[in-house]
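Given chain R's structure and the hints, the job is docking chain B onto it.
Each chain is listed here by its residues.
There are 2 protein chains.
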Amino acid sequence: MNLPKKATIIEVGPRDGLQNLKTFVPTEAKIEFIKQLKSAGVQEMELTSFVSPKWVPQMADAPAIIEECLDEETRNFVLTPNQTGIDRLLSTSCRNAAVFVGVSNTFNKKNINKTTEESLQELEPIIRDLKAKNFFVRTCISTSFYCPYEGKVEIDDVLALCKRFEGFGVDELSVADTIGMANPKESFELFSTLKKALPNIMITAHFHNTRGMALANVFAALQAGVDRFDTSAGGLGGCPFAPGASGNVATEDVVFMLEQMGIETGINLRRVVVALENLQPHLNKSYESQYFKLAQLDTNQHV
Amino acid sequence: MNLPKKATIIEVGPRDGLQNLKTFVPTEAKIEFIKQLKSAGVQEMELTSFVSPKWVPQMADAPAIIEECLDEETRNFVLTPNQTGIDRLLSTSCRNAAVFVGVSNTFNKKNINKTTEESLQELEPIIRDLKAKNFFVRTCISTSFYCPYEGKVEIDDVLALCKRFEGFGVDELSVADTIGMANPKESFELFSTLKKALPNIMITAHFHNTRGMALANVFAALQAGVDRFDTSAGGLGGCPFAPGASGNVATEDVVFMLEQMGIETGINLRRVVVALENLQPHLNKSYESQYFKLAQLDTNQHV
Numbered sequence: 001m002n003l004p005k006k007a008t009i010i011e012v013g014p015r016d017g018l019q020n021l022k023t024f025v026p027t028e029a030k031i032e033f034i035k036q037l038k039s040a041g042v043q044e045m046e047l048t049s050f051v052s053p054k055w056v057p058q059m060a061d062a063p064a065i066i067e068e069c070l071d072e073e074t075r076n077f078v079l080t081p082n083q084t085g086i087d088r089l090l091s092t093s094c095r096n097a098a099v100f101v102g103v104s105n106t107f108n109k110k111n112i113n114k115t116t117e118e119s120l121q122e123l124e125p126i127i128r129d130l131k132a133k134n135f136f137v138r139t140c141i142s143t144s145f146y147c148p149y150e151g152k153v154e155i156d157d158v159l160a161l162c163k164r165f166e167g168f169g170v171d172e173l174s175v176a177d178t179i180g181m182a183n184p185k186e187s188f189e190l191f192s193t194l195k196k197a198l199p200n201i202m203i204t205a206h207f208h209n210t211r212g213m214a215l216a217n218v219f220a221a222l223q224a225g226v227d228r229f230d231t232s233a234g235g236l237g238g239c240p241f242a243p244g245a246s247g248n249v250a251t252e253d254v255v256f257m258l259e260q261m262g263i264e265t266g267i268n269l270r271r272v273v274v275a276l277e278n279l280q281p282h283l284n285k286s287y288e289s290q291y292f293k294l295a296q297l298d299t300n301q302h303v
Numbered sequence: 001m002n003l004p005k006k007a008t009i010i011e012v013g014p015r016d017g018l019q020n021l022k023t024f025v026p027t028e029a030k031i032e033f034i035k036q037l038k039s040a041g042v043q044e045m046e047l048t049s050f051v052s053p054k055w056v057p058q059m060a061d062a063p064a065i066i067e068e069c070l071d072e073e074t075r076n077f078v079l080t081p082n083q084t085g086i087d088r089l090l091s092t093s094c095r096n097a098a099v100f101v102g103v104s105n106t107f108n109k110k111n112i113n114k115t116t117e118e119s120l121q122e123l124e125p126i127i128r129d130l131k132a133k134n135f136f137v138r139t140c141i142s143t144s145f146y147c148p149y150e151g152k153v154e155i156d157d158v159l160a161l162c163k164r165f166e167g168f169g170v171d172e173l174s175v176a177d178t179i180g181m182a183n184p185k186e187s188f189e190l191f192s193t194l195k196k197a198l199p200n201i202m203i204t205a206h207f208h209n210t211r212g213m214a215l216a217n218v219f220a221a222l223q224a225g226v227d228r229f230d231t232s233a234g235g236l237g238g239c240p241f242a243p244g245a246s247g248n249v250a251t252e253d254v255v256f257m258l259e260q261m262g263i264e265t266g267i268n269l270r271r272v273v274v275a276l277e278n279l280q281p282h283l284n285k286s287y288e289s290q291y292f293k294l295a296q297l298d299t300n301q302h303v
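Chains as they are written, first to last, in the numbering used here: chain R, 1 to 303; chain B, 1 to 303.
Source of the hints: derived by calculation from the structure; they are not laboratory data. Where hints are given, some of them may not hold.
If several chains are the same, the list does not tell them apart, and a pair holds so long as it fits within one copy or across any two.
[What the hints assert, rightly or not] Pairs of lysine to aspartate or glutamate residues, derived as EDC-like cross-links and limited to a Cα-Cα distance of at most 16 Å, are as follows:
#1 K131 with E277
#2 K285 with E72
#3 K185 with E259
#4 K185 with E264
#5 K185 with E122
#6 K6 with E67
#7 K5 with E264
#8 K152 with E259
#9 K22 with E117
In isolation and in its complexed conformation, chain R is listed as follows (with noise of 0.2 Å):
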């Protein structure tokens, strides 16, 4: 069996993990939360996301999180869905863009109202630019094994349209199971495929524990060569197209396994605990992770 030796979380818990969370978290958690994560030893985040406060008001202070937070240290990425918040960041200092596009036609017009296509196409000069301007690019790929409206979703697809952004020059592609379907043989298929077919582009794995099967999925992931891993701490998130659900699976959950496995992070799982334990006084509602429940528990076990 033919694991990495290291793997780098790409932690998501500041963006994705609290876009849709009802409850405004003020900025200063925010930042603090942010802040805990970096010195817990996270090295790549998505920090926030320059999208319309009226849409995402969760987000609205990203100006602010941005101001503060970013280093050197870590690649810190603000999700940017359109020319807005190109634009937006542009006039930050920030070098990191994500971007997003859903395999899946449905899915991509009931998110942000244009097909696959469109989107493909509003990208390319976007990003051609952006690198242009030396940026990091990663794009964010969802629905890449199912949909919601679709259901399964071909790996051809998949593999077609990372080849397209890899035309563009991206510089890593996040490959999501956007609800939480997939199986382990189909994350170990659709992987190896992307592996090979695109050697020289960082590949990504951005799973939900929606059906319990994030961890196995990153045991596939990493048998297919994956390194690298969308994790959100606590398991914040949720799904969307299921709300009460797990979502984005827990940062602890998925370091303690890769650690356990002698897979190095460089993360710190007690200090996200303490990052964790932080934040939740400003959220109203538990966290999805095994391995922080454990560590609340009075127990002898060591977690």
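Coordinates of chain B only, in the frame set by chain R:
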């Protein structure tokens, strides 16, 4: 990736799942639960156990359960920890016994006040006698990965113990990650070793989801050639060493993952959900099962 075409679920909910529950579940409700699980397609099941009602009051109704639930279609196991239990089992028409032992001495000692070797010596004549009487003998091997007292358990110790039981003539070894600490790399390694060394004996994997890794471990064990899994409907069972944490992996979550990968289990999940819904009023806890939670949500996602 070489995965089996079919897998067998050994449902342990009625015994392992319920045994430590403080609230006594009425015998009629247990019988209904067992019968509904069988009608859902379960073909092997731990029904109950012959243990002292003083120590495990939940299992005090074992005779009534056996009386009502034995059938020809299912392999019905009764757990029998010692000669007294065996004597009681012999007075019934059940011909499938389950015995248990811990690889870790400390664990075995705290559990049944005997060293592992003392347990082996007690069990050898019992097993030989059961085999002479044409019983199917299942052996549950606890702490096969980690012990809550001793830490990491070595593969060689598990293998040596399993070989002793093979020598006694047992039919099945259920190899358990009792505290839910195993990672999928360890699962692959242990089960690969056992499948190679013991090709003529049924090897079953028994995982707990305490740290969220159960399905990853199932996936790893499948790759090692394992096609038998102990699971508990609703994730019933908890973890006696970390009260409040998850315990046995949920039947629904395992079946869903297997079926999604094209591995037949013969189990109808809608019927398992109904069995759980009917049992729920008799419990004072919620289920630890992503599939069950999703099935209860008002969502248009197919689960």
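Hint-by-hint comparison with the structure:
1. K131 with E277: Answer is neither: 39 Å inside a copy and 55 Å across each miss the 16 Å cutoff.
2. K285 with E72: Intra 33 Å, inter 48 Å, cutoff 16 Å: neither.
3. K185 with E259: between (23 Å within a copy, 11 Å between copies)
4. K185 with E264: For K185 and E264, the Cα distance is within 16 Å only across copies (14 Å; inside one copy 24 Å).
5. K185 with E122: neither (34 Å within a copy, 43 Å between copies)
6. K6 with E67: neither (31 Å within a copy, 56 Å between copies)
7. K5 with E264: within (6 Å within a copy, 34 Å between copies)
8. K152 with E259: between (32 Å within a copy, 15 Å between copies)
9. K22 with E117: Result: close neither inside a copy nor across copies, 32 Å intra and 58 Å inter.
Violation of the numbered hints given earlier is confined to hints 1, 2, 5, 6, 9; the remaining hints are satisfied by the structure.
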